[in-house]
Each structure stands twice: as structure tokens, then as C-alpha cells.
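Undergrad: Protein chains in written order, with our numbering: chain Y, 1 to 98; chain V, 99 to 647.
No lab work stands behind these hints, which were simulated from the structure alone. Any given hint could be a false lead.
What the hints assert, rightly or not - In the EDC-like style, the derived pairs of lysine to aspartate or glutamate whose C-alpha atoms are separated by at most 20 Å in a straight line are:
1) Lys135/V with Glu43/Y
2) Lys70/Y with Asp574/V
3) Lys135/V with Asp8/Y
4) Lys70/Y with Glu605/V
5) Lys195/V with Asp13/Y
6) Lys195/V with Asp8/Y
7) Lys195/V with Glu116/V
8) Lys576/V with Glu43/Y
9) Lys135/V with Asp13/Y
Unchecked claim - Label pairs and their in silico Cβ distance ranges:
10) Ser604/V with Gly19/Y: 33 to 39 Å
11) Thr60/Y with Asn558/V: 30 to 36 Å
12) Asn558/V with Ala59/Y: 32 to 38 Å
13) Leu125/V with His25/Y: 20 to 26 Å
14) His25/Y with Asp610/V: 33 to 39 Å
15) Arg48/Y with Ala272/V: 56 to 62 Å
16) Asn95/Y with Ala108/V: 48 to 54 Å
Cβ atoms here follow ideal geometry from the backbone N, Cα and C, with glycine treated the same way.
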Amino acid sequence: MKLLTGNDLPTGDVVWWTGDGWSRHLVDAVDVGANGEAIAAAEQGARRVNVPYVIDASATPDGPRPAHIKDRIRALGPTVRPDLTLKPADASAGNWVI
Amino acid sequence: MYRYDEYDQAMVDARVDEFRDQVARRLSGRMTEDQFKPLRLMNGLYLQLHAYMLRVAVPYGTLSSRQTRMLAHVARRYDRGYGHFTTRQNIQYNWIKLEDAPDILAELATVEMHAIQTSGNCIRNISADQYAGAAADEVADPRPWAELIRQWSSFHPEFSYLPRKFKIAVIAAAEDRAAMRLHDIGLRLIVRNGELGAEVYAGGGMGRTPMIAPLIRDFVPAADLLSYLEAALRVYNRYGRRDNIYKARIKILVHEIGADAYRAQVEEEFLAVKALGIDPPAAELARITAMFAPPPFTTDLPDAIDLPDAIDRTDPDFAIWVDRNVAAHKQPGHSIVNVSLKPAGGIPGDASADQIDVLADLAERYGHDELRVTHAQNIVLPHVATRDLPAVWAALVKAGLAEANLDLVTDIIACPGLDYCSLANARSIPLAQKIQARFADPVRQRDLGELKLKISGCINACGHHHAGHIGILGVDRKGVENYQLLLGGSGAEDVSLGKITGPGFSEDGVVDAIERVTDRYVAVRQPGERFLDTYRRVGFETFKEAVYG
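Construct the complete structure from the given sequences, taking the supplied hints into account.
TA: Here you go:
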């Protein structure tokens, strides 16, 4: 599957395309198929996202999993600061990155 | 310390106003990201893996307590409660909002700080010996010269769009604590026949093509220093490779045409530049120098060198910390305190807002209001009365800042790596933590002695892996983190570049490999030898054999 990601312009937060908007949570991301570049251009033009790009991912029972470690870290947060990740209550969340 | 004059302040304030307008235009859509990116970078604002990152300049690593408190305030109010001290003696914040950036810069300007020229192809923050003004072995205080170069290079119209970024270091001692020869230009102040001047080295650097800077001029009189730098930069600006980013640094130019040819060009240009009169008049130099006058040291204290007589060392932990983290001061009765930002299990170079405030308080109460950031990502209190060391240590212990591991295997330089940096290929920090855990026994650390371990998460070498006695380079191997091991580097006066041992390792594998290296060191070392000494004596192959069998 293909996901569209980028950063929120005013805050810089990592965001994921949900089909009708942007979410801070990877679990909300949807497969954009071959439409990623077109969506990215439109959304960037409207300043609803900054520097969007398309990534490869796989569907898992727990939600989308980016193919590359860099995007998994973007999705979770720094693996060395579990208190600052999107899953602060999950002490083993960092293992998901590997 | 240097204090802004009306021109300095006006320049910084004007830049804040300009950037506020640029941010407003970006947020309103009147500017695209392509248009905005070079402008934000000129103000130290990057877009990193999780958010915007702001790199704040700490000129030659020197801070006052007031400035340090502001850094804590920025961490607390605008970031997530911490900052990261860098190998360029700066501080970075990892969670900045674009909409907050103008206010942050405005607040920094109130304490004479900014983020100008912390990115881009310009002359970056000047680095210097963190013991400047305190070191017993310096011939002069390098800071007035670093400040002069800062002023000369700030908004320099000819050097704002160089072929590539440009880093200058200034030291004034035989011991190199600033990796001087791994800079684009390195200056070592020396005295010859009673006259102050500088050795000039050019064309050093790390990154994907590490080079040790060759000597270009063995003595430039101090009165000619800016003219000589201007000439050196002009030659680079004219002939540096703008067509290939990987060959654009001055090190490539100096290497390709040779030090002699580069020197000849610079000397010719220098004759023309000197006539322009850009070196400062004596009165201006005196004005700057006066701001770095020694603080009012107490003069009735026992000699700092004779520590056992000066302080109570009965607490073994305190004694270990003194022996490891405290250095001799040129002023009798005073000491230089190194505060390690490498606690076991911590993140190298990170400090919480509360810790930064503690450091500011200690500097104010015990350290003549001065702090330094080191390229090894630690903090120095340069002027502490030796009799105050127990009180300083007790406060550091309370704040979690009393790790007694300066220059030991756990005092690891590590870049932010793939946990934060969009350029990185592999994580650096978790590896640093695993190495710290493996070598957690403080007795073992001290037995291994000085062992500088440096980790970079990509070829750009922000973690100085080329200069590590043991260096580690993280690479991306088909989407999996992999770590190459290097041995034999040094950023000190015995400068050398590390050599890659061979095939890379997994994260756990490289920790095991490091332990095989240190075990071999222990097995073959001679009395008094550091790891680097033993490596140089017995050679690379002995350690390679230990690593791979």
C-alpha cells in the first residue's frame, strides 16, 4: 500500500492523509494508491500540509506499517524518548520500529 | 564576556523583524516552501523528522548565566522541556513550531543570542577551546579573536553564499581541545619573538571525505589575521566547486590543487586585501579584548594544583569526580569543572530545562557567571574556586549531572541520528546507550582510561566518528541499520583519521566488537598507555584480528 505523509505547516507535526484530511496518528492513514502525488500537490497548494511525500507501507492487523525505518520512527516518535512518542503508555512501543 | 554594542543589537533585532515577516508570509501562503526554506535555514530553522528544529548559536561556546537561563526558558516554554548541545558548541531544540519561531528569536535577542548562520553555505558559528581564559597552557585568550572573527563573518556580503558551509576554530594552547585541524580553517594562536600571531591550517573537515588541515602559514601576525582570513576565503570562494555538493568544501579544493598552490593563491590575494584596511584599529581590538578580561578571582586561595590540601576528599565519589572531571586552572586556587552530559542511559548532549537552570545557577554562584559548551557535548564551568568544588559537586549530584566519566568510554559523542535527523541512516543514541550499559562498571571505565568513542548516524559525520579513538558510522543497508567500526582517530593535537575495520555490524554486534577491541587493548597495553597509544604502537591489524577473528 501507499501512504501520504508530510508535516503540518504551522506546527511541524508529522501528519498522515486519512482520505479527507490529515491525522497525527498513523493508524488513521489510508492507502492512496496511485493518487498520492495529486493529493499532495493539492493539499500543499492549500497549505494544509508541508513537504508531503508518498511512502510504501504494508497493511497489518494493527494498522499500516511504513516500509522504511525512518518513516516508522516519524510515525512513533524518537525511540529514545518513550515519554514523547505517540504511545507513551507502551513501554515496548520502540520495538515496533525495528 | 562580550556584550553587544548598539550595532550588534540592531542587526539582530532587525533580523528578528525580518524573519517574523517571512514566517507570516509563509503561513499566509504568500511564500512557497521552496521560497521560504533558504530563509528559514538562514535563521537556523530546519524541518527534521518530527518537527522543526532550531539551532541556536553559542558563539565560541561561551554563555552567561542570563543566557543559559534563557535557553532553559526556550526549552520549557517552546519545546518539550529539553535541549540538545551539539558538536558545534551550539544548542538545538527538536520540537519547535514554525508559528513560535519569531517569538523565540525575539526572546533570544533580549539576551544577545540568535540563530543566524547556524545553517547555510556561510561561515558558521566560530568554535574555540572550551578552557579559553582558564587554561594553564594557553598563550593568549582565544575568545577576543573568535569574537573578532564572529563580527567579521556575520552577514559578510562576500561570504554569505560560499560554495559550501565553512567552519573556523580558534585555539591558543598546545593541547587541542577543539578539533582545530578538522575545521575548514583552524587557527592556533602562538607567540613568536614576543609577538602574538597564529598558525593557519586550511582544508580540514570530516563528512564523507575526511581531511586533516595542512599548515598554510606558520605565523600570521595578529594584526593581519582578518586580512589573511579574508584572502583565504576569497580564494576558496573563487575556486571552490559549486558544481558538485560533494566536492564543494575547501578541503577538496586544497587537496586537489595542493596546499602549496592554495597557499600561493592566498598569499597573493593577501597582499591585495591587506591594503583594504579591514583589520581592526587597535582601539576596537582593545575594546573587544577588554570584555574578556579575567574575572575578579579571589587571590588568597591555596594553589588549585594541590587539590588534596585545598579540599576534603574523604567522600570517594567526590574524589573520583574531582580526579576525572576537574582540570587545572591558570589562576591559583581555582579549577575548571567539566559537567558531563553523558549520564548512564541518558542521551548524549541532552539537558532538561531544569538541569540547564541548575547550571546557570552554579555558574552565577560559583563560576563568575560563565559557562562553556564543548564540542564533546559537555558543559564547562571555567572559573570555580577550588574550595567550592564540594558544593558544586553536591548540586550537580542532585541534578543528575555529576557523572565522573570525562573522556572515558561512556563519554560518547553521538549525533541525534535517526531518532531525530532527516539526514540520518541509522540511530546513534540507542547505540550509545547500549555501549554505556556494556561498560557501566565505573572501575572498568577508569581502568580503560581515556577512550574517545564517537558515533555518527550518517556519512555527514556530525558525531565526529572519523576522530574517535573508536568511531562508529551508521549506514542504511537495504533498510536495516548497520554500523561500521573505525579505529585510531583523534581530534586532538595528535590528530588522525580513523580507519574502517571491515564489514559492518548490527547494533548488538558492534557493541560486542567494541568489547573485543577493548579486551585486546587490555591484553596488549603497556603501563601508562592510552588506548590510542597502544593502537598506534601495535597497529591496526592486531585490533582487526580481534574484531573479526
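Undergrad: Give a verdict on every hint.
TA: Verification of the hints:
For the hint pairing lysine 135/V with glutamate 43/Y, the CA-to-CA distance comes to about 18 Å; that is within 20 Å, so the pair holds. Between lysine 70/Y and aspartate 574/V the alpha-carbon distance is near 10 Å, which keeps this suggested pair within the 20 Å criterion. At roughly 15 Å between alpha-carbon atoms, lysine 135/V and aspartate 8/Y fall within 20 Å of each other, so this suggested pair holds. For the hint linking lysine 70/Y to glutamate 605/V, the alpha-carbon distance of about 16 Å falls within 20 Å, and the restraint holds.
Distance restraint check for lysine 195/V and aspartate 13/Y: the Cα-Cα separation of roughly 8 Å lies within the 20 Å cut-off, and the hinted pair is therefore satisfied. Taking the CA atoms of lysine 195/V and aspartate 8/Y, the gap is near 10 Å; set against the 20 Å cutoff, the hint holds. For the hint linking lysine 195/V to glutamate 116/V, the alpha-carbon distance of about 18 Å falls within 20 Å, and the restraint holds. The straight-line distance between the Cα atoms of lysine 576/V and glutamate 43/Y is roughly 31 Å, outside the 20 Å bound, and the hint therefore fails.
The hinted pair formed by lysine 135/V and aspartate 13/Y meets the criterion: a straight-line CA distance of about 17 Å does not exceed 20 Å. Hint check: serine 604/V to glycine 19/Y, Cβ distance near 38 Å, so the stated range 33 to 39 Å holds. Hint check: threonine 60/Y to asparagine 558/V, Cβ distance near 33 Å, so the stated range 30 to 36 Å holds. Distance hint check: the CB atoms of asparagine 558/V and alanine 59/Y are about 34 Å apart, consistent with the given range 32 to 38 Å.
Between leucine 125/V and histidine 25/Y the beta carbons are some 24 Å apart, a value that agrees with the proposed interval 20 to 26 Å. Distance hint check for histidine 25/Y and aspartate 610/V: the Cβ-Cβ separation is about 37 Å, which falls inside the suggested range of 33 to 39 Å. Range check, arginine 48/Y to alanine 272/V: Cβ separation about 58 Å, and the 56 to 62 Å hint holds. Between asparagine 95/Y and alanine 108/V the beta carbons are some 53 Å apart, a value that agrees with the proposed interval 48 to 54 Å.
Of the numbered hints listed earlier, the single one contradicted by the structure is hint 8.
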